[in-house]
Amino acid sequence: MKTTDNILHMPLLGFGTLIPDKALTISATRDALEAGFRHFDAAERYRNESEVGEALQAGLAAGGIAREDIFVTTKLWNINHRPERVEPAFEASLKRLKLNYLDLYLIHTPYAFQPGDDQDPRDQNGNVIYDKGVTLIDTWRAMEQLVDGGKCRAIGLSDITLKDLVPLYKAARIKPAVVQVESHPYLPETELLEFCKEKGIVFLAFAPLGHGIRPGLLEDPVIVDIAERIGKTPAQVLLAWAIQRGTALLTTPKTADRARENFDISPLPQDAFDEINRIETRQRLNQVVSTGVPGFIPQRDSNEKAKR
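Reminder that position 282 of the sequence shown reads as 1575 in the working numbering, one-by-one numbering, no gaps.
Source of the hints: derived by calculation from the structure; they are not laboratory data. You can take every hint at face value.
Once the Cα atoms are required to be at most 30 Å apart in a straight line, the calculated DSBU-like pairs of lysine-lysine come out as:
1) K1315 <-> K1444
2) K1425 <-> K1463
3) K1468 <-> K1492
4) K1315 <-> K1388
Build the full structure now, drawing on both the sequences and the hints.
The structure is reproduced here in structure tokens:
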């Protein structure tokens, strides 16, 4: 498996753990590990870090795989942006994941929510309550201290725009190692990708298959035609395109067969790669960059306040 060239040594192909069902989280994570995935992306927000940790520990033991051979990321949720809340949130995630260090810790979104225990604080009108008393750079300074402490090897940001990334990059003592954003042929994020390449930041694409939304990327005529021509599936074509353009990526296969399919990718012919680059459809599937509220996490029942 190819890895990034920077100090992270992060496998380019990662397994994302945004899976609402806890039992499925365990089985899918173990299937991904068995299929060859060595990069696992978790988050406090997903409420399943314990299940991810359980699956990884069992899978490592069963496969004779060392902790050093896998790359694990998790993320600081929006209610913990206050500097004094960063380290406790990090330690809690580490405990749930059953690890003694993290390879990468990300600020989940650049938006701070009202601090507290409710992941999704809302006012009486249903509007998100933001925390205006903390800046992104305040949070970043606390993230830098985690690296200084030795339990966190690298830090970065998720769901951030180039406009917000540039000033933070300039102010940061420890520069972001990774930027994780939605990206696929309908949302190539070319400007952000070029900035990341210039600065040595890993661009990590989530939803590279369009988050399975149908009709969508997996049914796009260009993708389907290329898949038929080269004897690959549309998913394999999309994942190959992402890596070929210089990004790392996350995918979330929920069965062993899908895990093996998504892991089995190879470079596209140049003409196929160019065809995908010429796709003109533009669509963002997740508006989290505008609000801080992830769009791919399903609502709970209406009588519950929080979102998954």
